[in-house]
Amino acid sequence: MRKNLLLVLSTTVILIIAALLVSNLSSPPDPLTTELETADYPKAMTGLNPVLLPKADWQDFDGHVFDPARFKGKYVLINFWATWCPPCVTEFPELVSFTAKHHQNFALILVSNDVTADKAKDFFNKQADDIQKYMRLPEVIQIHDPKGAITRDVFQTYRLPESYLLDPNGQMIAKITGSVSPAQFDYIETLLP
Amino acid sequence: MEYSMKYNFLILLLLTLCTFAPVAMAQDFRTQGFNTQGFDTQSRYTPDKKHVTVSMNADTDAVIPGQTFRIGFMQIIEPDWHTYWINPGDSGAETQIDWTLPDGFRTNDIQWPVPDRIPYESLINFGYSGTAYFLIEITAPEDLSAQEVTVSAQMNWLVCSDICIPEQGRYSLTLPVADTSTPANQFFFSEAEAQQPQSVDWPATYSLDQNEITFTITPPADTAELFSNTSLAIFPVEWGLIKNNAPQETSITGNQIIFRIASGDRDINEALETPLILRVGQDDGSVSGYSLDASYTPASAANTADNQSASLSVNGGILKHILFALIGGLILNLMPCVFPVLSLKALGLIQTKDKTRAHIASHGFAYTVGILISFGVFAATILGLRSVGTALGWGFQLQNPYNILLLSYLMFVIGLNLSGMFTLSGKFVNLGSGLTRNTTYSSSFFTGILAALVATPCTAPFMAGAIGYAMVQPTAQAFIVFLSVGLGLALPYLLLTLIPATQKILPRPGTWMEHFRQFLAFPMFLTSAWLLWVLGKQVGIDAVFMALTGMVIIALLFWMLKISGKFFGRVLIVILVLSVLASLIFLPQSAPEQQLDTGHAFSTDILDARLQEDNPIFVNMTAAWCITCKVNERVALDNNATEHLFATHNVTMLTGDWTNENPEITAYLKKFGRNGVPLYIYYGARNKDSGLRPDPVILPQILTPNLLKKTVLNTNADPEKL
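Protein chains in written order, with the working numbering: chain A, 8 to 200; chain B, 10 to 731.
Hint data in this document are derived by calculation from the structure and do not stem from the laboratory.
Here a beta-carbon is modelled for each residue, glycine too, at the ideal position from N, C-alpha and C.
The hints are all genuine.
Covered, in the sense of this in silico footprint (three residues per stretch, anywhere, with C-beta under 8 Å from a C-beta of chain B), are these stretches of chain A:
#: 1; region: 88-97
#: 2; region: 121-129
#: 3; region: 156-169
#: 4; region: 182-191
Take the sequences, apply the hints, and build the full model.
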């Protein structure tokens, strides 16, 4: 019997040792979600001398090229945003609803600075049903700018959210730093026919 | 008794040897790594003024070789602005540190200060205001010849108020290298420590009931009350468990702190455990925190019937998995390593003189008990380690080259014995005849243990799913599943002994039995050969040569035992033990280059990158020691039809090799409720309209080309064309 006991003991020991030899696990941290750089501009809605929209490589989340000239004849808001930016996230449905209300004369180009497309898509899927419906309007365009090629390199935008207002000729007429405020929405409404 | 005792001794010998394995295990397989993904560092823009001012300090005035010191970063955050915790909550992004260190220096993860809930309109984010200290441990290498060392870091942080700005800075410190040091910046570090959560091992669990997640934290006896007049909040490190902006309903019941919070939108199976911070705010505004690990526990059986059925349906039910475990155990009997053992037991039955029913049935029970005890020990080991936070997978026993070597020796010795290499009347027993003559119940018991032991290299179909399920269950359920595998393994012999009618199917005894017994040596040799191949994959060809030499020496010593006298025999046993021991200690560790024949190597980063693209992805999780995997690869993956299928549908195959322990793969398996290989996951192509991928498909553990074809064609189906 003593040997039997020994056997059971040593079986236990081997199993425990085998298990101990396996190393601990640690899950790697999440990949980075941001890829912008620092800046400090005064925050306001600034009127600009009308200037044509600079050329940029506008691509949606599926890599389809988009030409902003499609919205000639409408006022357009280009909004730079990211899911990691709380004010952008809260502003997002407001911008979409505003566009849906005025889509005859107004269009919205949302430029996401999220590094991974999935983050943005998860965010889209979490929107309320009516917002998701409005997002399918042809006047709402989702641009993916993971490397900041448009946001930083072309528009020199280093802080989010930031928006540019285009007139029906495709010229930039104003810049809005931070979320679009109710007063600024009112102002845009006065411009629309 | 004579036979069983001696044969026990043989097993005992090998098992005892195993206990010496750690002597040789000084080497740590873990790799120390710090995630160095950084922001775009090609800075072309210099900020005029940052919203966060950062300073960096060390807690020592000199670096001592081999010693660990701490670096602290202080973020002074402008009023109304915030930086973010590792889980930023609804939005935001965590602060990141990217190190540039001299050779041999290692860093640990950031030790985060206790976070706060930061509301922004309807959102709740987790992060910091005012001043936040971040601590990082750095370990200097033993051999440090430099006079001084410079550690530098790039810190990237997102700072938000009603706008967000990703800011960054580069910081460095130069410290002399010395034999002694004195603490430095003590005020800075005492402030930093005051912000750190206290790490505690209080039991913490969470369960999900419909849309509510309940966290239960049990502080040590009589301390829960101390929290009653404080404002409490919890912060899970895993995102998506709680609805961040939902109120946290806190109650203190008996000795438990209970949080009821609306659940987040993440599948609970993706986050079955999480570290969390318990934040305690006092009336006077002071804040402290505790850091603990919580794990998911399904609503317990004591709960209402509703809860029970809910928790059963979540994972397909424990009954289903018990059944699968049984079937898996049954199939184990057919594995080349186990089959001979069972066959010999059956042969023994034919030869047994005492054919009374009770006598035979008792053998069946003894055998079953032996198996169940072994599986119980297995389960206790795995579950015990789970409870202290070490995640193991089934097959972990094969991720260790020492175990592989010992198992391969064990198979070899059994093979030698079966083939009649040593049938001496002296110190060693003829294992085969010991098994077949079936003299005592204890021999049946030890045959059970042997069967369980030789079964360890194998995973049968159905088993992996059941064990994966067991790993995420509370201990009692997990135990039942493990024991079911054992019961399945014991079942064929148990039935033979319990139901006399079944014994009629056994052939009559005769000389064929001796030949059959000898024949059974070959499956054992085959198993041994396969284990050597696995060993080669793990630690290289040198180790295989050494193992083979070891086998020759074992064979030689057994032969010498056969022809030697009693005293000399004892000396030989000592030599045998020493030589096996030596082979363990000197096992070469030249890990070979991992070669993957098909597809690309799996890593979380590569998978994430591929997932961002549009094409379908097939993830193949395999290991050299996984026979099922190898069969699937032969039958279903490495053939023209499948290659053609994958090529025409642009399917990228990512192959993860779990032959050696790999935390990324273990984590990935866990995501799918699995705990072992094989695992096959198919991610369908991105839908062009919605821009989304369909949910990943978990394929069965037995693949066929047809099944793959169906999977690829169905999930690729373009809705417009249907």
